[in-house]
Amino acid sequence: MNKEAPLSIAERDFILNALREGVRLDGREADQLRPLKVSFGEEYGHVKVQLGKTSLIVRISSEVTKPHDDRPFDGLFTIALELTAMGSPAWDNGRQGDLETYVTNTLDRVVRHSNALDTESLCIMKGVSCWSVRADVHITDYDGNLVDASCIGIMAGLLHFRRPDAVVKDGQVIVYGLDERVPVALNITHKPLAVTFHTFDEGRLVILDATRKEEQASEADVVIGLNNAGDVCFVSKFSGSPVDAMVFVNKTNVALEKVKEINGVIDKALQADLAKRGKGGLAEQSRAENDR
Amino acid sequence: MAPAAAASPAAQPTPPSLSLPPSQFARLQPHAYLLAHLSPPTTSNHPSIRANGRAPTQFRVTSANTGSLTHTNGSAVVRVGETAAVCGVRAELLHTADIASWSVTQPSTGSANKRRKLVDPTLKASETAGDGDDEESSDKDESHIEDLNLLVPNLSLSTGCAPGFIPGAPPSALAQSLSQQILSLLHSTRLVRADDLRIWYQPPNLGPEDLERHNESEQMDVDAEAEGEKNREIKAFWVLYIDVMIISLAGNPFDAAWASVLAALRDTKLPKAWWDIDNETVVCSDAVSDARKLSLRGMPVASSFCVFEADAAAGWRAVILPDAEEERKIAEDNRRGAQRRWILADPDGYEEGLSQERACIVVDKEQGGNGKTVVVKMEKNGGWAIDGRELRQLVDVSSQRWDHIRQILEQC
Amino acid sequence: MVGPNVTLTPLSRADGSASYQCPSTGSNILGSVNAPVELPGRRDALKPEEATVEVFVKPGTAPAGVGERYVEGIIKTMISRLILGREKGYPRRGVVITLAIVGGQSARRGDSYLTLLPALLNTSLLALLSASVPMSMTFSATSLAVTSTGDILREPTAEVASSAASVHVLAFSSKGHLLLNESQGAFDLDTWDNVRERALAICRGTASYGSDGDVTMSVDVDGQPLEGTIREAVEDQVHRDYAWSIDAV
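The listed protein sequences derive, respectively, from chains A, B and C. Be aware that the first sequence starts at -2, since it is given in our numbering, and climbs by one per residue. Be aware that the second sequence starts at 1326, since it is given in our numbering, and climbs by one per residue. Be aware that the third sequence starts at 51, since it is given in our numbering, and climbs by one per residue.
In isolation and in its complexed conformation, chain A is listed as follows:
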């Protein structure tokens, strides 16, 4: 049962007819996000994202490993996403569905391949040891738009995460515990985010941040990944009916606006969390040190 229960014809027609009149089920505008809440846990890199009724938890972790032989200067960065029956009863535990492959693939391209995390900065000793950073995405509630929500979670996690400080001394790597030295923030080159649009009526109607039911009623989806500066790092029109090329042009501007808005929310949450940690003293210093 790797499929959600299909929409009834009446439900589909209702959603479509409402959209034709410019109304969405939850009363949003076509280009409006659902309420977004980003919060951080006690550990570094522990993020909870709530986008409408879609919610997920991202945990970032790091360990020292050996780099790949062909890339001795690069650290490792993996995004692990597994859909479990927790997110939706339609997902089977331990079996990979189409959605899982699709979302993992998209996240890989938006975050990893755009080099948002500078993997060269994770190198400790050439060819011997490097940091391996792992982002685990736990989907806890699924109500549409997994790609955007996971992307927000991963980026916020990477920005929030601090790895232990490591120093090389006479061929020895010394790793300082989190309480011994101020932990180091990751080197984030830019902050790309994905923005997903869904199209209806042969591409005439385009909405942003669809819910699960809207996703089911839609004809096709368009994913645009870009950063605050407006550099596009990922565009996809994966399946479904054709979409007018102008949609990409027009919606890229909308996406940029949204990326700035979301990054604003993340920054605000980060600052609030830092202020909370700042009372401890160590974190405040770390912020000053890493603001370069």
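A few of these clues could be false.
With a Cα cut of at most 30 Å, we get these calculated BS3-like pairs of lysine-lysine [stated by the list, open to error]:
id	chain 1	residue 1	chain 2	residue 2
1	A	248	A	50
2	B	1654	C	97
3	A	248	A	34
4	A	45	A	166
5	A	0	C	97
6	A	257	A	50
7	A	166	A	123
8	A	0	C	138
9	A	248	A	210
10	A	210	A	34
11	B	1597	A	63
12	A	248	A	45
Just so you know, these hints were derived from the structure itself, not from any lab. All values derive from a computational prediction rather than experimental measurement.
Fit chains B and C to the known structure of chain A by using the hints.
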């Protein structure tokens, strides 16, 4: 046995032409069949006995054979009744240069333990302190085995070992959890000494040094050891790949698998290996006389049990279950009357299919069998028949089993 | 001692869910239960007269391995015995329990899962209650470490457990049965009896056993018994859920 079974519940009222042979009765009404054996009618003279002819605390005939696989460093075949397990131990070298975490230290660990993985120093201290007896010196870096995964057990249930195991299937949940049980028992009993797995390098100014010199059994001058420690360097480790294959599964795979691992490790010989400074590599001697056996810590033996309940439906029926106090009273009353449950040692496949509650106890005896019995692992799950008193009895049964297994292992 | 932090039904898609945070180990488990559901992919494994219980444990920061399969087996064996899988609507269907370790340390490969096991068990129970799965009794589970000096520590962290002489996980039913025991490390039965007594005090309090002074003392140390905490969490939730009908009366 057969007439007793046929005479009880099912067959009595039916005309003789319709009576079932015992083998069919066993398949059609397995629960009633086993129950009829365990609680024969009081009028008959039959003793309460399991369908396979064993007494409740009797284990199956066990045999072991070591060294049968030539291309392994140690191997064993253990048969417990119809269940048979083959275990092969293969040792491979792991250079410290290939271990990413090897060159990592934590500053607080201090210079003495320089070349060491991230370990909490306080933790280490308490571990050594806790060890107490003669093993103090060898225990300092015992965590190497766990941190670097020097023991890699893998259990597979081979195709056709029991009906339902088809070729090409991924490792079943049963095989995976048995592998994990063997791994965690190897770690928690610390059966293999980390010192046996290390390959040292001693800079030449002190002269070449044998591994034997550092066996903890040898009494060493404290100064000499301290001096040696300073220059000595671990260059490589032996990694033991412990592959267990259950070639025939008729219940109770864990006991057989663990016994085969134990027998194979007792049989394992590692060739003499040293660091060759000119070639920057580890060299092994091919002289059989140079190879040495592992010195294992103790000899933990596993015994498994299952609980057979007279009322098969007691667990799931939506009736009010007696609470623990009432339960004890009922049990007391029943001591005189009809028994409600039986704890069966070393269950075969048929009995396992009829029971939900399991217990597994691993015991060892101090001083090679003369000391007191130490429990190293005790599990019970899947029901509420076994509590403190029953566990006490089971530990006694397990310690008898220990003596028995020791005899078998020492003979092979 | 501070009791666990319990939230019932924090998720909206799953039939039942619970979040459980153990204060002393810091582990935070999110559990969900879907029941009864169709399991078309497991048609041969379905039992004709009973529900099929499936447990899935998802580690927080690592891929799942043999350790997870093993702990899933333990939880499944224990829970299957308590679920009334022959109630109407349950036979030939599945009870799918998903447990994600969303906070605190995950177990490394080869580590025993014993320090996490009580939290996983308690979370499963709460999630099952939240999904209204019929059960014959409830339970509560705890872990204890015995140090080399013979002290018994409640709910040890992974570090403490790895340096302890033995680690024990015990679960008691709401009727006082010993449902589960997982002990690892060298110990003798007298030690185990003390462990059992302490675990019973933690899980169920000592109301019915308070005969000698020693035991009554441990009530103060352990605070409210776990079973009471779980019961209260459920009662509070029910009270909130039915506030409309209670107010109407």
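Structure-based check of all given hints:
no.: 1; hint: A/248 with A/50; in the structure: holds, 24 Å
no.: 2; hint: B/1654 with C/97; in the structure: violated, 34 Å
no.: 3; hint: A/248 with A/34; in the structure: holds, 24 Å
no.: 4; hint: A/45 with A/166; in the structure: violated, 38 Å
no.: 5; hint: A/0 with C/97; in the structure: holds, 24 Å
no.: 6; hint: A/257 with A/50; in the structure: holds, 22 Å
no.: 7; hint: A/166 with A/123; in the structure: holds, 14 Å
no.: 8; hint: A/0 with C/138; in the structure: holds, 26 Å
no.: 9; hint: A/248 with A/210; in the structure: holds, 22 Å
no.: 10; hint: A/210 with A/34; in the structure: holds, 21 Å
no.: 11; hint: B/1597 with A/63; in the structure: holds, 29 Å
no.: 12; hint: A/248 with A/45; in the structure: holds, 28 Å
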